[in-house]
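Between the sequences and the hints, there should be enough to build the whole structure, so can you do that?
Number of protein chains: 2
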Amino acid sequence: MSGYSFDHLEIEVPTLLLDRGKALRNIAKIAGRAQASGVRFRPHTKTHQSAEIAAWFRDFGVSAITVSSLDMAAYFAAAGWNDITVAFPVNYREIDKINTLSERIFLNLIVDSRETINFLDTKLAYPVRIWIKVDVGYGRVGVHWEKHEKIRALAGRIDASAKLQFIGLLAHAGHSYHARSHEEIIGTYNESLQRLWRIKEMLAGEGFERCEISVGDTPCCSVVERFEGIDEIRPGNFVFYDLKQSQIGSNTEEEIAVAVACPVVGKYRDGNRVVLYGGGAHLGRDSLVEADGGSVFGYLAAPAEQGWGAAVRAAPIVSLSQEHGIMRVDGELFEEIKIGGLLPILPVHACMTAMMHGHYLTLDGELIERFNG
Amino acid sequence: MSGYSFDHLEIEVPTLLLDRGKALRNIAKIAGRAQASGVRFRPHTKTHQSAEIAAWFRDFGVSAITVSSLDMAAYFAAAGWNDITVAFPVNYREIDKINTLSERIFLNLIVDSRETINFLDTKLAYPVRIWIKVDVGYGRVGVHWEKHEKIRALAGRIDASAKLQFIGLLAHAGHSYHARSHEEIIGTYNESLQRLWRIKEMLAGEGFERCEISVGDTPCCSVVERFEGIDEIRPGNFVFYDLKQSQIGSNTEEEIAVAVACPVVGKYRDGNRVVLYGGGAHLGRDSLVEADGGSVFGYLAAPAEQGWGAAVRAAPIVSLSQEHGIMRVDGELFEEIKIGGLLPILPVHACMTAMMHGHYLTLDGELIERFNG
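As you go down the protein sequences, you meet chains A and B in turn. Here the first sequence is numbered in this note's numbering, starting from 1 and rising by one per residue. Here the second sequence is numbered in this note's numbering, starting from 1 and rising by one per residue.
It is worth saying that the hints were derived from the structure and are not from the lab. Keep in mind it's a predicted model, so treat the numbers as computed, not measured. Every clue listed holds true.
Because identical chains cannot be distinguished in the list, a pair is counted as satisfied if it fits within a single copy or across any two copies.
No farther apart than 35 Å at their CA atoms in a straight line, the calculated lysine-lysine pairs in the DSBU-like style are these:
(1) Lys244 with Lys267
(2) Lys150 with Lys200
(3) Lys163 with Lys338
(4) Lys338 with Lys123
(5) Lys150 with Lys267
(6) Lys97 with Lys267
Take a look at the structure:
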């Protein structure tokens, strides 16, 4: 197995490769749709966690971002971003960080309980923008979409606080990850919007005329061609995509912009095993359940003119230890693979794979730092 | 839920706590057995990856260690360790690191193919110690235990090289992780030794009089009271233990020396959910399959006079996102847990949990650095 265009990079250990061209095309696609639809594009940065990659988005007109922790918010604020949404429940233990940030930037927080609103009203030193987090069916966090009375009460309580500015409704339809077709993804998207619109209508009737709607998952944002009746999208994973998103139907495998280059350290005819230096410590531990019921932790990527291509189905990573990855390969491909060679492995879940690395290496040999906070 | 002795540490974000007393007792137990049995204790450092924690072992007479990468070897060599085994297949791409290290320290490598022996013989600048890696049933790497002829040929080839010094046979009975009782663990251990002894006997007949035996898994080393007919043990996980090892039967839950302190950020009666700031990014993604077939990503640890106690079965982590952990709790316990509180979560796989953190925080508030290479 050879012919990968990164062979010249002299890689010694498992290394997170980034195809900048693919990432830029992924960004351009979503940014273009957002612009055409007239909605704000506030990309989630938790996938790449890199100030340098975040800066690429500025060329596409992006001036606001989403993060999943206050430490990540502080990192991006230091890099010049001044409109940041923390799409994670308020952590009372970090109130000092909230006050430090909200002095300098437009900080957006999410709430779903009276308790948290009271906490913020008491503890905030500077005004912050508040979104009510709505659970549109995912069942993780947020006020259940049917609890109109509770949502009305929360909006009223926010409105009554001098420090909290009510912006609107924020949802993450994470159950779109269970989809396996465009139809299913669009079904989840439409259902989520119906639920949010009914709340917005109810709030309008109660005098809340300004109520934005922000939605965020990569499957919906990848498949829906035109966004209507919403104000903001917050996808994150799309910048790299991964095998999980391919399985859902968000992207083609050729659009996956990251791969882990793994040295081959063993070959065993017994069991058709190729052993890679590349385990859970480098790929992450997420797995795909394939049609045959087997678990797969990644696939070899096919060679391509630049970088890599689609997944080689005949070369799955079938088990992982901390440092070892076991690829099952037979026939001609087994013979072609050499100990000492370097193989690119497509990630199952790019967000977690990237977290295992301190930086990216682009195909032209540039190191890009990550935060990992 | 309160009464944890780390409440005074003013923890803001998910933090890896280390109970130094428990870790020292775990070390003392294995070190004591090794000493009583007259075998070399060469602990694996991949679990803790910390020069400071490695230094604790010196008080127990340890002067040799095991690592799983050359970068880890370089880190510990810089910390003063001069007898290091890299228990991972030789990565041809790192030959320069091998030569740099073997100039300064006693470097031990493992081989299982003629190709790798030839590679080393050609490329080594300084002598290294060589172990033949034997697959005693785990099926990951190593020469299959029945291939006596191949092992004899490899030993002969090593012997013929001026740069390679044949030390013996090294095995990792990783299939002990499938065990669920002391009897099963001991069965695996005895079977592995029988397989290694037959090879040793065969080699003795061929004139290889010096042939050490090194074995390494935490389950076997935790359960076997006295080591006979071997020269070295290399367990690693035992320093912290975890829920997986408890399930196997290696340890009691009270012996688990690390826990991730997670802030509580949400409570939902609907689904009896407690939402923790503590996801895959902090706990790792390994899961246990419990008796009822459900997957669990960690358990709340009970309060204890110092640190924490055993797992609270009524408080499992039932799902994980990148930053969120969802704990299912009902009844009185649900009422006791407060948003803003801090809960210790026992890890499923301590090696991978620790990799998600840059340092440990001891119960007396000391920060201990990790390498994470």
